[in-house]
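When you get a sec, could you build the whole thing from the sequences and use the hints?
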Amino acid sequence: MGSLGAGGPREGVEVVAKDLIKVYRTGKTEVIALRGLSMRVEPGEVVAIMGPSGCGKTTLLNLIGGLDKPTAGAIIVGGKNIVEAPEAELERYRLEGVGFIFQFFNLIPTLTALENVELPMALAGKPNRRERAMDLLELVGLADRAHHKPDELSGGEQQRVAIACALANDPPLILADEPTGELDRENAKMVVELLTSLS
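Heads up: the sequence shown begins at 0 in numbering that gives the first Met the number 0, then just goes up one per residue.
The hints are simulated quantities; they were obtained by calculation from the structure and are not laboratory data. Some hints here could point you the wrong way.
[What the hints assert, rightly or not] Listed below are the simulated SDA-like cross-link pairs for lysine to any residue, each with C-alpha atoms no more than 25 Å apart in a straight line:
1. K56 <-> R34
2. K188 <-> S52
3. K17 <-> G53
This is the structure we're talking about:
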């Protein structure tokens with residue numbers, strides 16, 4: 000089995016969660032965010048996780064994305080249990096194996112749209128970053144806004160730049176945490192259609 004995040008062109012990856020438990024402790028208070036959750040997502044499958052606020056949706060995405068560790072259980076991505084992966088391998092997985100799209104865009108305000116998209120590739124040491132970043136901005140319909148900073152873009156445009164950032168290192172897995180939560184109806188529809196078309 001190859002290391003996490005390694006390989007050539009990505010076509011999607013199977014994700015399996017087995018008996019996930021996540022408990023948060025603050026002082027004497029204990030909150031069980033996930034209680035024995037199991038699920039399977041096939042390569043190329045689009046899955047929407049819905050539920051009320053506080054039911055564990057973001058916790059689950061953070062665990063699958065390697066941003067946090069479960070209290071118990073396994074998360075198998077592409078045949079490898081990321082819960083047992085050493086930190087160096089997990090860092091590579093977060094950089095190349097998974098693309099994150101957050102509700103609040105998470106763009107660096109001092110960088111242009113183009114520079115924001117280039118950044119993940121620079122961190123991964125990828126060549127031809129400028130050309131690929133422009134291709135991705137064209138894919139999300141923002142090639143003409145490449146040299147604008149986030150505060151010069153609308154909410155919908157910022158979210159499309161964030162999607163381009165998530166795609167920068169060609170990850171086989173995209174995790175989107177309420178990617179339309181801050182958008183108006185028209186922009187939300189556009190973002191959902193874009194994400195669906197990318198699958």
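**Report entry** Hinted pair K188 and S52, Cα distance within 25 Å
**Finding:** holds (21 Å)
**Report entry** Restraint check for K17 with G53, where alpha carbons must lie at most 25 Å apart
**Finding:** holds (21 Å)
Query - Hint consistency between K56 and R34 [alpha-carbon to alpha-carbon, up to 25 Å] - result: holds (12 Å)
When each numbered hint is compared with the structure, no violation occurs for any of them.
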